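There are 2 protein chains.
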Amino acid sequence: MDESVKKIVIHPHVPSQTTELFVGRHLLSKELLSAARFVIVVDQKLKDLYGDALAHCLRADLIAIPSGEKAKSKQVLDYLLEELFQLKVGKDTVLVALGGGAVCDLVGFAASIYMRGIAHVLVPTTLLAMVDAAIGGKTGIDMPFGKNLIGTIYPPKAIIADVETLSSLPETEWINGLAEIIKIGLIYDADICDDIEPFTKNPALVLKAMQAKIAIVQQDPLDRSLRRMLNFGHTIGHGLEAVADYQIPHGRAVAIGCLAESHLSWQLGYLSMQDFLKIQALFHRFSLQLPKGYTPQALLHAMSYDKKKSLGKLRFVLIDQIGRALPFDGAYCRNVDHEELKSTLDWMEEQYG
Amino acid sequence: MDESVKKIVIHPHVPSQTTELFVGRHLLSKELLSAARFVIVVDQKLKDLYGDALAHCLRADLIAIPSGEKAKSKQVLDYLLEELFQLKVGKDTVLVALGGGAVCDLVGFAASIYMRGIAHVLVPTTLLAMVDAAIGGKTGIDMPFGKNLIGTIYPPKAIIADVETLSSLPETEWINGLAEIIKIGLIYDADICDDIEPFTKNPALVLKAMQAKIAIVQQDPLDRSLRRMLNFGHTIGHGLEAVADYQIPHGRAVAIGCLAESHLSWQLGYLSMQDFLKIQALFHRFSLQLPKGYTPQALLHAMSYDKKKSLGKLRFVLIDQIGRALPFDGAYCRNVDHEELKSTLDWMEEQYG
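Chains as they are written, first to last, in this note's numbering: chain B, 2 to 354; chain G, 2 to 354.
I should point out that these hints are in silico values taken from the structure, not numbers from a laboratory. Among these hints, one or two may not hold up.
Only pairs whose alpha carbons sit at most 27 angstroms apart, straight line, appear in this in silico DSSO-like list of lysine-lysine [what the hints assert, rightly or not]:
hint, chain 1, residue 1, chain 2, residue 2
1, G, 314, B, 148
2, B, 89, G, 71
3, G, 314, B, 89
4, B, 71, G, 75
5, B, 314, G, 71
6, B, 148, B, 308
7, G, 71, G, 8
8, G, 71, B, 75
9, B, 75, G, 89
10, B, 148, G, 343
11, G, 75, B, 75
12, B, 158, B, 92
13, G, 92, B, 343
14, G, 148, B, 89
15, G, 148, B, 92
16, G, 293, G, 71
17, B, 48, B, 71
18, B, 75, B, 89
19, B, 158, G, 89
20, G, 89, B, 293
21, G, 148, B, 308
22, G, 343, G, 314
23, B, 314, G, 48
24, B, 308, G, 308
25, G, 148, B, 75
26, B, 92, G, 343
27, B, 89, G, 75
28, B, 8, B, 31
29, G, 89, B, 308
30, B, 308, G, 75
31, G, 89, B, 343
32, G, 293, B, 89
33, G, 148, G, 279
Being a predicted model, the structure only gives us computed values, none of them experimental.
For reference, chain B alone in the conformation it holds in the complex (with noise of 0.2 angstroms):
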């Protein structure tokens, strides 16, 4: 092995099947891999500056996708999966995603249908990808009627992280990466949040998000509970995407969602007023303002849909210092009700609206 590659093998949920992460730079002329046969599913926006070349190295086929968040519709699994079949794809190959997170949602998804499951590997190329969807194994795909709803959790054979295809991410998608990064700070790994301020493009702190991601789902594969905590922010994030009819980056409403998370937290009485302020700093960078067609009602709608709800009840992610996610009874989150919530929606109306 190369000494510019770091290599850190991750143990999903089930015991025969390991996930090879392989963090470095140009990683995408090496030959890390070997299978019987490589079919690359590439975001069309990257087939001349990656796909090509990745395809020459793994003598691999390739399959262009659409860009953005349109490559996760059914529409474009249908396609994927059909041209699967024309090409004769069988049990013995391994599928590449190469993209962002919504080719890693895609592939992920497809490669644990197709033919009941054959291997895939991820290749992010955004740092969003990269620290939050390549790692945990969920995968997914929006549907007419709701985004993420239909899914597996299904780890890749491998990640490779080539930190180098960061260079040429425009500035908008660095914020993108780094509000989940933050996320991962404030619930697990206090440093992070520390090291956010002097954060330029530095690969050093994209390791060590991913490295606290790992470490959490692998304590709960499955997400019935530690890994819960991961949903921090995302109660109000998600519930403001679809608000915004998906039309608000998920950074974005990741990022007011934790403000208004670490804000519930803190009127809840978990949080101090002197941490509560320190996030709302870390956040300085991020242009926030809740989306065309909020209001705490459509918000309220938005989120009855939410997955974590149990008994007809809304639950948060909650913290009680920056670093540490409340266990409330190892579930990692807790019934909040419309009362309860009010003052925050309030908060965010009057803060951001």
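Given the coordinates of chain B, work out where chain G should sit on it, guided by the hints.
Frame of chain B, contents of chain G only:
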């Protein structure tokens, strides 16, 4: 636990998850399950017969879907997923499949992908579903371009096999299930084949076949070696179904498939002529006829999409005596080239064309 109910605990691949199998009579009105909420998905033909009573017993919502293989279509899957969403089904809900193999396969698949996996229970009401579809966690739907090509391996929380439901089954449905029972006997348990002759809707034989399949599946839940022996008769069987455009009962296709693959086992020098003739006798109650449109070429083309195929070669499960599939270095299937297949394909046409 009532003495008339036999309970077996199955251990699938996910350590934290087990399947409870209940076998007995009049189980649909017994309180065997507990959950925050149940939603029953029922074959519309069984709604009056069993659906309403079970819904009452479980205080469940009821979703009726089309009968037969149509249930396993993308259209019905989309309908079901949207109904679940509209009913605000959350992670605390258990889906219950009530019907034949198609309903079990569809509901298992829907449960495996809805919100990245919710729990489900199978209540098979046909012989084929009890001994085959319900055991082993395979789920799936048919796509316009291929049957069962999309699916997951996702074990149910419980299986309830009420043998009383079999008493109303038509004779053709019995024969359908019998083919899979004989198959299990041929590859794994010669005793089952000995019990076939006096077979007259014998619940003890149903349980024996279920137990044999459970024993196989538990040794290889993810279908990587031993479990593949269950594909005996299915390389040709699936091919025949495709040639017949799925207008042939699965049991009949599997019956011809088992006979033909026994013939192949003999041709290749593994199986004795004496055993082959015994196997032929086992199928004397089946009306075996090749589907319209059958030609060796059409079958070879259809088989070229087989899921077991590796590096472009067709692979077959083979037996060397009644009750024993050949291991072939633990792969439980062997490459067979077109030349080796020829005399078996000719024999099929001669006998059943």
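Hint by hint, which ones does the structure fall short of?
1, 5, 7, 10, 19, 21, 23, 24 and 33
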